[in-house]
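**Q** Going line by line, the protein sequences match chains A and B. Numbering follows our numbering, with no gaps: position 58 of the first sequence is 116. Numbering follows our numbering, with no gaps: position 67 of the second sequence is 1509.
Hints were generated in silico from the structure; no laboratory data involved. Some clues are possibly wrong.
Residues from chain A shown here face chain B by an in silico Cβ test under 7 angstroms; the list is partial [unchecked claim]:
id : residue
1  : 59
2  : 61
3  : 102
Note that beta-carbon positions come from the ideal geometry of N, C-alpha and C, so glycine has one too.
Here are the chains, one letter per residue:
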Amino acid sequence: MITIDEADPTPPFEQIRGQLADQIRSGLLAADQRLPSVRQLAVDLQLATGTIARAYAALETAGLISTSRGSGTRVRADQGLDDDSLASARRFVQALNRRGVSLEEALSVVRIEWSRVNGG
Amino acid sequence: MLYLVYVALVFLIVGFVRVSTNRRLAGLVVAVSGASAAAARRFARSIMLRNIAALVAAGAVVGTLNLVHEAHSGWYGLPLMLAPGLAAATGLLVFALTPTRIVADRSSRRSADLVPRRPWSYGPAWGFVLPLVAAAAVITFAILAGVGSSAQADGTFRAITIGTSTSGPYPGWYYGLPLIGMTVLLAAATLFALGRIASAAHSEADNDRYTELDRIVRTLATRVVMQLSSGSLFLYFAGVLLFAGWATTNAATTFAPGGIVVSTVQPATVIGLTEVVAGLVVALLGGVLVVLSILDATRQPLGRVVDADSNSNSNSNSNSNSNSNSADAASAETA
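Please model the complete structure; the sequences and the hints are all you need to start from.
**A** Below is the structure:
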């Protein structure tokens, strides 16, 4: 399931791309899983087909999905994070949840730590 | 007399099928919140109007073709033979082209399922294989009958000749070619209708609440389409088999004055009788499917909306397929 929010300043194309990318990397969308057609998503979300097509094209460029005439749009293999990484993320989220840290605060901390570790 | 027996048998089988599938149909129950009941009722009304419009259009085609048949006796019953298929194709097109959708309050947040909806997503595999097999059988038989047919004095291939005896009407090329075209048209209309059912927009606004209702409506619509297309295919295939059987049997039989059988040509007589028996069975199957499709199409998909209390009572009495789990839910039942 993906959701778009008109009140969100993020463009609909980016909302779709981001949610699909998250679900692929977290393993919610399995390798080789077939995604809905551009038209199906467009009518369900009441968006232009071009918006969905742009999100799919960006995901394809990022190597997360592949599109072919015969088999439609599918999640590419080996795009999800490994089990250890997912387990670490889960433990991290559970720990911050217990301390009442919000998602926004957690993401800020992750960004800072990421920069520090990578020498940014 | 034969017609009355046919009608009685059709309704007997329909009754048996309805009783045996009652549990499964009772499983097509959906719960929506009390606040959504008005939108659900509007949706149900639009579904009923669409289905009735499709049936009226199909009935109008049958009536028109009957008038054409009466006005053009020189067409040798061709309009009547095409009537079931053309009526079904017209009904399917009206069915497919009429938009239906639950429209509640438009929300700024909209969701979409990531499971692809395909034309065959809402029915059992055999339901799609059956009309394909029937269509292949109709086309194969039409070609075989065309090859075996002979021309009448006016040059039309609508008779069969065995030895020196000629009999008709026989489903030769005169009937066979329109029949093949009709089958292709019906297959296309069926595919189009199934595609429209699958690709129609998911119900607007509160997706969590309407997802199950949406699936049930698509499942019921697919049932109607498959029953109608298979039923009409079987009906005109039955007509073709019966005419072929009678003509073949007559051409293969030599009668003495007074209608006494003098001799028969084998295996033509056996083939003719087999076609007659097969035609009767197929006619029964077609009639049953068409009646079932009319019953499903005219059934209110959300026929009853009850309060939360009686909903929980009725659900406890019915089967466990009901997915009513909301304390303040009202249930909209398809049965």
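**Q** Compare the structure with each hint and give your call.
**A** Hint-by-hint comparison with the structure:
1. 59: holds (6 angstroms)
2. 61: holds (4 angstroms)
3. 102: holds (4 angstroms)
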